[in-house]
Amino acid sequence: MKNNIRVERARLRMSQKELAEKAGVIRQTIAAIEQGRFNPSTVLALKIANIFHLTVEHLFELEETDWNE
Amino acid sequence: MKSLKMLPHVWQKVGRTLLVLCLVVFAVFFKAVVHDLLWFDTKWYDAFGHGWAYLLVVLFFLLGIVLLAMSKERAEDERVTFIRHQALIRTVILYLVIALINLFLNLFITSWIGPEKASQVMVIKRYFTCVPAFILYYVLIFKISLWWDNKKTDDEE
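Protein chains in written order, with this note's numbering: chain A, 1461 to 1529; chain U, 3 to 159.
Rather than coming from a laboratory, the hints here were simulated on the basis of the structure. Everything numeric in this text was worked out from a predicted model, so none of it was measured. Cβ atoms here follow ideal geometry from the backbone N, Cα and C, with glycine treated the same way. Careful: at least some of the hints might be erroneous.
As the list claims (entries may be wrong) - Below are the EDC-like pairs computed for lysine to aspartate or glutamate, each with C-alpha atoms no more than 16 Å apart in a straight line:
1. Lys7/U <-> Asp79/U
2. Lys1482/A <-> Glu80/U
3. Lys153/U <-> Glu1494/A
4. Lys1482/A <-> Asp79/U
As the list claims (entries may be wrong) - These stretches of chain U come out as covered by chain A in the derived footprint (C-beta under 8 Å, 3 or more residues):
5. 73–80
6. 147–154
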């Protein structure tokens, strides 16, 4: 699953640590999500979208391989 | 994702201390175990392996492992919970592999040195398939997985 979290963070000049604190997780979790190594839960995805004032669909995008899992 | 109720992080330090103390005692016992394994003997095991002292050390060791397994990390969130679940699955697979290897070793040793000596030697191999060993494997796999995952995400901006 692809995501635009890094882009949106840069747009708001927000660090991983700041985003993590607002979302109630640790910095490494945000880094893992950005790197595509961890898929957030629905609640966490909604929280992150809410912080950026965007929709979940704008932030996260399914890839071709996700349909085959 | 709701996670299991766990002990506060401070209990990890208690568990770690108990483990270190027990491992020091076991280090002495290990020398005895190696001697027994090499000479197919149970002299040292019989001298140390029975009695309340050994039982106490085993109980504290088990308590230390359980405290480590059931305590929270310093920072606990859904990613850590996910790694915890993955570690549990890997532990089950590892435990099954060790149990299978143990089974074949039992057959091999019995046919090689005879059933009487083999039953004495096999007592030592039970350490790798007992319940505390399962919990120890889980703790090790979880800690290593968490450390490795944290190492990969060290790209602070």
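Against the structure, the hints come out as follows:
1. Lys7/U <-> Asp79/U: Holds, at roughly 13 Å.
2. Lys1482/A <-> Glu80/U: Since the Cα atoms of Lys1482/A and Glu80/U sit roughly 15 Å apart, the hinted pair holds (cutoff 16 Å).
3. Lys153/U <-> Glu1494/A: holds (15 Å)
4. Lys1482/A <-> Asp79/U: holds (13 Å)
5. 73–80: Answer holds; 3 residues pass the 8 Å Cβ test.
6. 147–154: n = 3 at 8 Å, threshold three: holds.
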